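With chain C fixed as given, assemble chain P onto it according to the hints.
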Amino acid sequence: MSELRLADLNRVFMVGRLTKDPELRQTTNGTSVANFTIALNRRYKSATGEWKDEATYVGVVAWQKLAELCKQYLAKGRAVLVEGKLQNRSWETEDGQKRSTIEIRADRIEFLDREGRPAIGAGTPGTESSPEPVHGEEPAFSKSDDDLPF
Amino acid sequence: MTELKIPNLNRVLLAGRLTRDPELRFTPSGTAVCNFSMALNRRFKDQAGNWQDEPTFVNVVAWQSAAENIGKHLHKGSPVLVEGRLESRSWETETGQKRNSLEVRADNVRFLERFESTAAAPGPEEPSESPDI
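Sequence lines, in order, name chains C and P.
Heads up: the first sequence at position 89 corresponds to 89 in the numbering used here, and the numbers run straight through without jumps.
Just so we're on the same page, the numbering used here is the position in the second sequence counted from 1, plus 150.
Calculated directly from the structure, the hints in this document are not laboratory data.
Fair warning: there could be bad hints in the mix.
With a cut-off of at most 27 Å between alpha-carbon atoms, the simulated DSSO-like pairs for lysine-lysine come out as follows [said to hold, decoys possible]:
#1 248(P) - 52(C)
#2 76(C) - 65(C)
#3 155(P) - 20(C)
#4 20(C) - 65(C)
#5 71(C) - 155(P)
#6 20(C) - 52(C)
#7 248(P) - 20(C)
#8 76(C) - 155(P)
#9 76(C) - 52(C)
#10 195(P) - 65(C)
#11 248(P) - 98(C)
#12 155(P) - 52(C)
#13 98(C) - 226(P)
#14 155(P) - 45(C)
#15 20(C) - 98(C)
#16 76(C) - 20(C)
#17 248(P) - 76(C)
#18 71(C) - 20(C)
If you're wondering where the values come from, they're calculated on a predicted model, not measured in any experiment.
Chain C on its own, in the form it takes in the complex:
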């Protein structure tokens, strides 16, 4: 029997609501990156039989075109389905301490709100062609170019 290798398996699926507007920035070489946090809710029955809600906050990062679409269409309170992988992120606090956490690197984000769709900000020029509609039935925007191999 031949030897097996361990599968590269790292997949997450989350549905939640944005806790803030997404932040879009550009890396030094011009790549777009969007960051936002989603709140996931879990409802469970406590030991005494009451229903309780428990929130979990998860950071999401999206790159390139997907990042720009997030900035364009998402805002605080919007619901999304996020598919992606877990990755580590480390940073230094102001007093120089190292911290790290895990976040989701999104491959696909589905915008779940039907109404009030484009999150058009104040600065959006009105003369441009109307933004792509983002409905529930709209296929999700996805990005897979640098995500080899699968």
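Leaving out everything else, chain P in the frame of chain C:
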């Protein structure tokens, strides 16, 4: 058309290896809890066309019989498949600072290692061939 509600969806699927021996402990009420850290590998081609490995480290917590089985049978380097959900964990540092981190609460942990089936090896107490939990 009926109105939809948001599904409570929080699912994680990971395969990797333990970075150290798992820590099994018991709560004051006797419930088993096992914490371990696993390293996942992502292999990708860089811009120059070379294969690169990028590890991701994830903390996992398992409870009850799963925790006990992990504590008994797994060790540093053991390959596992973990299914569960992301959960926040808060704790205080020695200096009293509050910290928050995300970990995976496992509801299904599969051992991916073939166990030597010698009688000498301490097998699982439950009669199962491979201790999937």
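We went through each hint and held it up to the structure:
no.	hint	in the structure
1	248(P) - 52(C)	holds, 24 Å
2	76(C) - 65(C)	holds, 20 Å
3	155(P) - 20(C)	holds, 21 Å
4	20(C) - 65(C)	holds, 20 Å
5	71(C) - 155(P)	holds, 24 Å
6	20(C) - 52(C)	holds, 24 Å
7	248(P) - 20(C)	holds, 22 Å
8	76(C) - 155(P)	holds, 18 Å
9	76(C) - 52(C)	holds, 24 Å
10	195(P) - 65(C)	holds, 21 Å
11	248(P) - 98(C)	holds, 15 Å
12	155(P) - 52(C)	holds, 17 Å
13	98(C) - 226(P)	holds, 25 Å
14	155(P) - 45(C)	holds, 19 Å
15	20(C) - 98(C)	holds, 25 Å
16	76(C) - 20(C)	holds, 4 Å
17	248(P) - 76(C)	holds, 26 Å
18	71(C) - 20(C)	holds, 11 Å
Of the numbered hints listed earlier, not one is contradicted by the structure.
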